[in-house]
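Protein sequence lines, in the order shown, are assigned to chains A and B.
Residues 1146 to 1375 in my numbering are what the first sequence spells out, letter by letter.
Residues 1146 to 1375 in my numbering are what the second sequence spells out, letter by letter.
Don't take each hint at face value.
Copies of the same chain look alike in the list, so a pair counts if it fits in one copy or across any two.
Stated by the list, open to error - Derived BS3-like pairs: lysine-lysine, alpha-carbon spacing no greater than 30 angstroms straight-line:
{"id": "1", "residue 1": "Lys-1315", "residue 2": "Lys-1191"}
{"id": "2", "residue 1": "Lys-1315", "residue 2": "Lys-1282"}
{"id": "3", "residue 1": "Lys-1176", "residue 2": "Lys-1282"}
{"id": "4", "residue 1": "Lys-1176", "residue 2": "Lys-1262"}
{"id": "5", "residue 1": "Lys-1191", "residue 2": "Lys-1262"}
{"id": "6", "residue 1": "Lys-1315", "residue 2": "Lys-1176"}
{"id": "7", "residue 1": "Lys-1191", "residue 2": "Lys-1176"}
{"id": "8", "residue 1": "Lys-1282", "residue 2": "Lys-1262"}
Quick caveat, the hints were computed from the structure, so don't treat them as lab data.
As the structure is a computational prediction, the values presented were derived from the model and not from experiment.
Number of protein chains: 2
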Amino acid sequence: MSIILYDLCARDQSRRFSPHCWKARMALAHKGLAFETRGTPFTRIKEIAEGFSPTVPVIDDGGTLVRDSFDIALYLEDAYPDRPSLFQGEGGRSEARFVESWALTAVHPPLLSLIIKDIHDRLDQPDQAYFRASREKRFGRTLEDMQAGRDERLDAFRAALQPLRLMLAKQPFIGGDGPLFADYVVFGPLQWARVISPFALLVEDDPVAAWFDRCLDLHGGLGRAMPAAA
Amino acid sequence: MSIILYDLCARDQSRRFSPHCWKARMALAHKGLAFETRGTPFTRIKEIAEGFSPTVPVIDDGGTLVRDSFDIALYLEDAYPDRPSLFQGEGGRSEARFVESWALTAVHPPLLSLIIKDIHDRLDQPDQAYFRASREKRFGRTLEDMQAGRDERLDAFRAALQPLRLMLAKQPFIGGDGPLFADYVVFGPLQWARVISPFALLVEDDPVAAWFDRCLDLHGGLGRAMPAAA
């Protein structure tokens, strides 16, 4: 039986954009596991397994429910030890937490400010109302204000990726010669932007853009199969 | 026979402050290997093994010379596989490169601007002349200009450590329950500042300060045995 991945969706239900759901999706593909996705708007997450989780991703593996992208990766690693490893050892597991913390603090916040209104605009009506109210309350500004002047913030966003850029001079993936979950942790937010916003983030000759391209090609082009926002 | 570690020294030759040498020293201690250090000022690095390396650390392991802190860690891991691991697997080895790249781009540069004149002031005379000339040429400003106004840059430096801070809510070390080389990669620059500058970097209740304290206690208090700059 296929694993079910509850996956955030836009108004166009085939547009799956959540950075955290992409981390889980890439982890499932990395393990070579069969899975189906269930497009879930923000306002219907509470219907998954009687309110099991306030957020997606959630996976249902034959009745075993797991939430949170990192916990899903840990679950898959332990439940399917004979499949390709997401961490390649205890050190990789622990250090991936640092990569996650870096992405959550150095990549997600500046990136959100570049695309937050674009996210809103591609949501279905009930989700638009929820998204605007919750984000404007959290940040104390309108979505329009937050996204305004994004061209001026683009250099700072690109500079925030400098740790990845420097590392890419040494090796093609955070996982070394091939990708590990630590790569998906950074791929997630860049794929989020690609799928939900037409705003161009990276210049073509950026090593980060080349790495992102390599990630889009992984697992039969799973990431690339999701069309970029136009 | 003990491994020899060529280690940058200040005017007081017992003051060993190089962030990169501290990474190598902690790696040697982590492996439980006997080693002796040779205090080496900047201007005498060229005398090590007939100009083997333009920088320290350099180790001499019974005639095998290795330079660069990360390469030294890799060498020790492979040469002493039965000793405690510095990486705990291939994933830990690869992801440590990301941690190193983060430290080199997000921690070292802002930290250097907080302590660069203090470094100069604790060097011996020939090293002071070399350090001033090389750094002023590299950065296009005087050491005094670079360090000026450091109080105003302290908040930005502390904010740059946010990835580590967030991770520490999950686990006590980058290596998980215990330290790995990835921890030493970040310990190095903070120990650099502690040993060469009296400028206070962290507030007491910062989780990063608690982690740094734990690192100072490792391996019989190796880091703490080096007195802080007064």
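Hints, verified against the model:
Taking the closest pair of Cα atoms, Lys-1315 and Lys-1191 come within 30 angstroms of each other only across two copies (26 angstroms); inside a single copy the shortest separation is 44 angstroms, beyond that limit. Taking CA atoms no more than 30 angstroms apart as the test, Lys-1315 paired with Lys-1282 passes between copies only; the shortest distance there is 27 angstroms, against 42 angstroms inside one copy. In this assembly of identical chains, the alpha carbons of Lys-1176 and Lys-1282 never lie at most 30 angstroms apart, being 39 angstroms within a copy and 51 angstroms across copies at closest. Taking CA atoms no more than 30 angstroms apart as the test, Lys-1176 paired with Lys-1262 passes in neither setting, with 34 angstroms inside one copy and 52 angstroms between copies.
With identical chains, the CA atoms of Lys-1191 and Lys-1262 are at most 30 angstroms apart within one copy only, with a shortest distance of 24 angstroms there and 57 angstroms across copies. In the homo-oligomer, the alpha carbons of Lys-1315 and Lys-1176 lie at most 30 angstroms apart both inside one protomer (26 angstroms) and across protomers (25 angstroms), since each shortest distance falls under that limit. In this assembly of identical chains, Lys-1191 and Lys-1176 lie within 30 angstroms of each other by CA distance solely inside one copy; the values are 28 angstroms within and 50 angstroms between copies. For the identical chains of this complex, Lys-1282 and Lys-1262 are intra-copy neighbours only, at 15 angstroms inside a copy versus 45 angstroms across copies, given an alpha-carbon limit of 30 angstroms.
In this structure, the hints that do not hold are numbers 3, 4, in rising order.
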